Structure formats: structure tokens, C-alpha cells
Amino acid sequence: MKNFKTLILLSLIFVNGVFSETAEPDFNNPKGETEIFVAVAANFKSPFEDIRVIFLKQNPKIKITMVFGASGQLTSQIRNGAPVNLFLSADMDFPLALFNEGFTQNKPKVYAIGKLILMSHKEKNKSSSVSEHLLSENTKFIAIANPRTAPYGRAAEETLKYYGIYEKVKDKLVFGESITQVNQFLSTGSADFGFTSLSTAKSKENHNLFWQNIDSKSYSPIHQGVVIIKPKETPATEKNLALHQFFDFFSSKDVKSILTKYGYDSYEE
Amino acid sequence: MLVDPDPLLLTLKLALLTTVVLSVITVPIAYWLTFSSFRYRFVFETILNLPLVLPPTVLGFYLLLLFSPNHWFGGWIEEVFHFRIAFSFFGILIGSLLFSLPFMLQAFQVGFSSITKSYIETAMVLGKSKLTILFRVILPNCKAAILAGMVLTFAHTIGEFGVVLLIGGSIPGKTKVASIAIFEEVEAMNYFSAHVYAAMLVVISMTVLLLLFRYKRNLTMILAGKN
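From first to last, the protein sequence lines stand for chains A and B. Each residue of the first sequence is one higher than the one before, counting from 1 in full-length UniProt numbering. Each residue of the second sequence is one higher than the one before, counting from 1 in full-length UniProt numbering.
It should be emphasised that the hints constitute simulated quantities derived from the structure, not laboratory data. Quick caveat: nothing in here was measured; it's all calculated off a predicted structure.
Below 25 Å or equal to it, Euclidean Cα-Cα: the simulated DSS-like pairs (lysine-lysine) are: (1) A:Lys170 <-> B:Lys13; (2) A:Lys126 <-> A:Lys140; (3) A:Lys256 <-> A:Lys61; (4) A:Lys172 <-> B:Lys13; (5) A:Lys161 <-> B:Lys174; (6) A:Lys172 <-> A:Lys126.
When you get a sec, could you build the whole thing from the sequences and use the hints?
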């Protein structure tokens, strides 16, 4: 029966593993440059990498370190003291929550507007409407991100209601934890259709054969917000300067063209 | 605010079914692994025990690919049965069967191999068939191990998350089990509901483990007395 004890002990260790926390990023900075830590929503990874390269060319003394993750996870990490300077969320709710709780230096600012598309792994008739595609008998599963937590999920739900087909396709809906999981369901072909971001269609890894734009009238705009996080200690002037420089850089022409390239709109105030 | 009981009921249903199905199919597997003299059985042992060490997401990922209509297997199922395993209760049941199999298997193997050899030998001398020996000698003599295997499997399935997350699609009433519901409530910053589900899982799992440890002692003593 000794093996049992070992087994139970092992299972307890597994259980414990679930509660372990993600390691915080390393803050060593041997070169003496000014370093900015940026937490970026996973859906904005590719455009952010481009933005970073251009910014670093113009400001060689600044170093930018990135952490990628789901906006919700990044938010709870920031709440629990993750040493992040700038947070680019995939929506406005999470940065707004951080602002309301006093974790940020400023109100969230829109840095990009996401666009919703309908996508399928298989070749589909391009002239059919969204409703025709989704109401078809061959369409068994439609993947959307969880409308309660993911902005693209909320937008997808609004679109379905706008076209008056929500009740009819309700039983075909499967929910991804985020837009990333919707993309998994699409690329494996498990779901016949899915609502995802235009940036997915523009990415290099996209091998889906069909996508079509969703009329932006049918859903409320998907605003992605950025906030500067309040540091625990007052930062050096240089660092603060670098931070605001990078923050302002998001309204530059360079960034606008990157946004367009990756399927986002820029925000005009 | 009311909390939807569906995810909890679904979790219990999944755990119960997994336990029942596994207790049946693990018997022949454990029997073969314990008593067979096949040289390479350790290879099978290794494969069946992989879910113990692999992250559940690995299993979930492979199952998602396998169940996809683009894969020959998923495509075949869809053609013949007009049924897609991904996003169904059946799908997450298969996932949790594979995922919990090592727990049941370990327990059964420990039980089977702890039986006094002379019992089996005596039965063989008396001309009993292998099947009779299994049902009349082996199984009755390792009730403790079987019970432990069932309890562990049940508890383990309640805690399952990764596999279901990857292949379930979080459909209310079908694949949205309690662990997924907790994850979603936390993501939605809806901590009250998350607390309710989480607390319920703690209570259920603890009760189950309490039963295990309470009776494990008794049963071990009985077994020890016999041996």
C-alpha cells in the first residue's frame, strides 16, 4: 500500500502545481539603458513587435521588454504587483478597471480599433451573406470568443443580433476562451465558421481559405486601450520621459501605417 | 445573485461516468499488465501512464486535431455517424477517460499484484478458469485498491480543466464544466460566482478524499490481516 501513498502524494503535487504563479520578468539591465516593461495583449503581438523596432531605431537609448498574455491575465498580474510600466489591452474594460482601482497614471487611451471578420477553414462562396453562411445546414458549429470576457466575442454576438439570426444559430455556437482559441477551432477545422479579428486574417500563420469583412455598423467598435501603470516607487526622470515618449509614439504616422498593415483602424479623436 | 447549478451538475455527471466506465475497462488492462509475461508490456505501461506526466493541454491538443473533420478519424466519424466529437459531452468524456486512466490503472495494478500468489495457484490447481479466478479470487481480494482507484479517478476528473478547455468549446449544459465556469467567472471579474463554484468543488473533493483516507486505513488493516 506504500505505492498508494506515493500516488496520493503525487496527485497532491499536481494539484499544487495549478496554484503556482507565473514567474515575473527579469529586471536586470546591465547596459545602463532606460528600460520600459510593456504588457501586451496577445492579439497585438505582431504589430507591437513592428512598432517596437521602429521606435527603437529612433530612440536607441531606450530598451523595451515585452510580456504577452491574455488581457485578463495581464490585468490580474498588474493588480498583484507585476512590475509593468505600460499595458496595451485588447479592450477598454480591463484598463478602465485598473484606472478605477487607481493602478494607472492616466485614463485609458484608444490606440487601435479592431475589426471583426467571419472566417472558415474551407473554401466558401464569397458572394453569400453572413446569414446565408451561418444558417446553412452544412454549418454545424460557429466559434465565437466568450462574449462576457472577450471584446471580439461581444462584437460577434452583437452582429448575430443585428442580423436577427442569434436565436436561430444559438445552438451552433461554441465558445473560445479568447480570440486565440477561436482561431484554434478554425485552423483545426473543428468549427465550420468563426468570428475573429481582421488581424488574424492578415497574419502570416493564417492558412484559412475564406474570410469576409463584417459590416462595422453591425457591432460597436472594438476599442483597444493603453494605460501607464503607476510604479511602486517614483521612477527616475529619464525613465518617465522614455515612457511618455513611447506612449505618445502611438499617435504617430509610423504606428498608423503598421496598424493598417495588420488590419486595425487608428483612432481619430 | 443566483449561480447557475448546471456546470456543477455537469462536472458530477462527467466524474461519475468517467469513474464507472474506467472501472470496467481498466480491469482487463490492469490484469494483462500485471500477469502477462509479454516482454515489452512496459512500453504499453509507459504509453498508458503518459497522461500522468504530460500537461493536459498536450492531450487536449492532440484530441482536438484527431476529432477535427479534417482529420481522417474525425472525418470518418462525421461521415458515418453525422456526429462531431469535438464540442460534445462525449468528446470531453473520452478526454477525461484517457486523462484519468493512469490513476485507476496504478491503483488496480497495486491491488492485483499484492494478492497472495497461493490463492491464485490454489484456484488454478482446482481447475478454475482464468475468468472465474479474476471474478472470484482477484477482484474480491483487492476491494480496497479498486475503491481507492475509483475515488481518485472521481476526484481527479472533478479537477480536470486543460483537456476540456481545449476540446469542449464551453457550451452551457454540454461541455461547460465547473472548472471552466470558474475560469470564465474570474476572467469576467465576477468573483462571487467564481467563489461559489470553487467552494463547492473544494467541499466535494474534500469529502471524497476524506472518505478515501478514512476507509483506506480500515481496508488496509483488513488486507494486512488476511495476508
